[in-house]
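**Student:** Same order as they appear, the protein sequences are chains P and F. Heads up: the first sequence begins at 1 in the numbering used here, then just goes up one per residue. Heads up: the second sequence begins at 1 in the numbering used here, then just goes up one per residue.
Covered stretches of chain P (in silico footprint by chain F; criterion: 3 or more residues with CB under 8 Å from a CB of chain F, positions within the stretch not fixed): (1) 189–203; (2) 209–219; (3) 243–256.
None of these hints come from the bench; they were simulated from the model. Just so you know, even glycine gets a beta-carbon here, dropped at the ideal spot from N, CA and C.
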Amino acid sequence: MSGGREAGRRGWQRWLPGAALGMLVGIAIGFAVSYVGKRVVGAPASNVNAPSQVRFAARNLGSAPNLSGFTDQLGRPFNPASLKGKVVVTSFLDPLSTRVSPVIAVNLLMALKSDLEDSGQFGKQVVFLSIDVDPQASGPTDTAAFMKRVVGFGKTPAPVEDWPFLTAPPQRVSLVVRDGFRVPYQRLAGKALAAYEANREAQGTYFHAQAWNPLAKPDEPTVVDNGEVVIIGPNGTIRARVPRAYQVSHVTLMNIVESVLGHGPT
Amino acid sequence: MRWKVVVGFALGGLVVGLALFWWPGPLALAASGPPPLPRLFRSPDYHLVNQLDQPVSSTAFLGKVQVVVVMDPYCTALCPLTTSKVLNLEQTLKRRHLADKVQFVSFDINKLTGPRVMRNFLEQEGVNPNAHWLQYLTGSPAAIEKAVTTGYRISYQGVSEATLAKVLPSAFQARMRNGVAERAHAPFDIDHEDPLFVVDQHGWVRALYGSASTTPTQDVVSDVARLVRSNR
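Model the full assembly from the supplied sequences, consistent with the hints where possible.
**Tutor:** Below is the structure:
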């Protein structure tokens with residue numbers, strides 16, 4: 001009787017290693033199938049641009065370029081030393097734009113400015129800097145008019161010291177913005193613009209809306225790829241890059257500024 | 001002896017395979033990483049009409065992930081940006097082979113407009129109004145209020161243009177061009193929020209973003225992909 005039970009137990013013991021191994025292999029196959037499924041159902045197509053991959057550096061992303069040779073919106077030569085020791089929120093705006101520039105200036109920067117004023121930091125620890133990326137067609141008159149009529153400094157004067165909007169000859173702007181800040185803005189018209197827009201539409205990164213701008217000149221080429229905001233630290237190094245800033249909230253930008261100031265999590 | 005090991009192996013694999021087939025939860029969770037999106041609240045039931053004046057019920061969207069926004073065809077602040085975001089989301093979902101699993105839904109919150117104006121607005125903003133991937137819905141003011149305010153908890157109100165002109169600068173909203181609004185000379189504007197909701201295949205709101213225009217495309221696409229993968 002007990003010998004029969006013993007033989008039965010030995011029989012099961014022979015089955016057990018195979019069953020255990022089978023279960024392990026089954027689990028492995030299950031994981032593999034699940035992983036492949038995940039890659040297939042939601043797999044990113046190649047070269048999909050993330051909308052706003054904020055790049056933040058705890059130390060630095062290189063030195064900010066020298067800003068000598070620029071003129072502010074009052075037509076005065078700009079003194080780069082005025083930025084020293086402050087966090088500089090740098091944008092690259094076209095004062096004649098009906099695309100992203102008004103949205104960056106109002107929806108993002110004005111909202112951020114309000115938060116920074118509430119915290120007592122605007123002008124003291126943090127300043128804004130905008131660079132005109134359409135100097136072929138605009139100058140200090142346009143940058144001043146943009147701040148007044150589009151950004152909304154109609155009744156209250158624009159804070160030129162804390163938010164200079166700089167212009168310079170096209171070559172100088174190109175050198176500083178393209179080579180120095182590595183913001184690859186382009187000025188396009190005709191077929192080149194149409195091809196650019198078609199490509200952006202296909203990628204799902206096209207700015208379809210049109211902003212109101214009374215300064216716009218319909219026959220002028222369009223400036224594109226200027227939607228990045230660059231944050232410069234108090235020591236003059238680039239600390240954060242915010243591509244396609246027109247679709248970033250001022251809260252996100254405030255968090256980055258606070259991090260650069262050392263007040264928030266990095 | 002050897003045949004028993006082989007049979008044991010097969011049976012063990014079968015048991016695990018069946019278990020995973022019927023109850024894939026832990027495996028999916030382990031493979032996908034983040035926990036499932038929370039169920040925030042039930043999306044509302046409604047019977048409205050779309051931009052083509054065709055009747056549409058909320059039940060028509062069950063089985064698909066919904067991306068829900070609100071738009072006013074006469075809006076000159078956020079709605080053109082919301083529409084741009086919706087277009088880019090649709091395109092990105094197409095590139096990721098997810099578009100056929102998703103239904104975009106928008107509610108018209110302006111009682112002065114109707115399907116014809118909504119079609120004109122969509123066309124102006126680059127959306128083909130005859131395409132069904134975006135269902136732009138309208139109805140009686142009470143029906144819209146029930147769906148939008150009671151259902152999705154989005155507040156909106158009509159204000160004069162003079163009031164809006166005072167409100168917009170302090171709301172930090174760039175003025176956007178809108179030919180449909182310019183031609184209409186509407187006597188008032190709609191002051192409204194612009195949230196974006198992601199609703200699952202069973203009608204549960206699973207994600208809420210405060211501003212459609214500044215919501216990262218990738219975040220919404222990621223939510224959609226997770227819901228499509230898990231279907232729960």
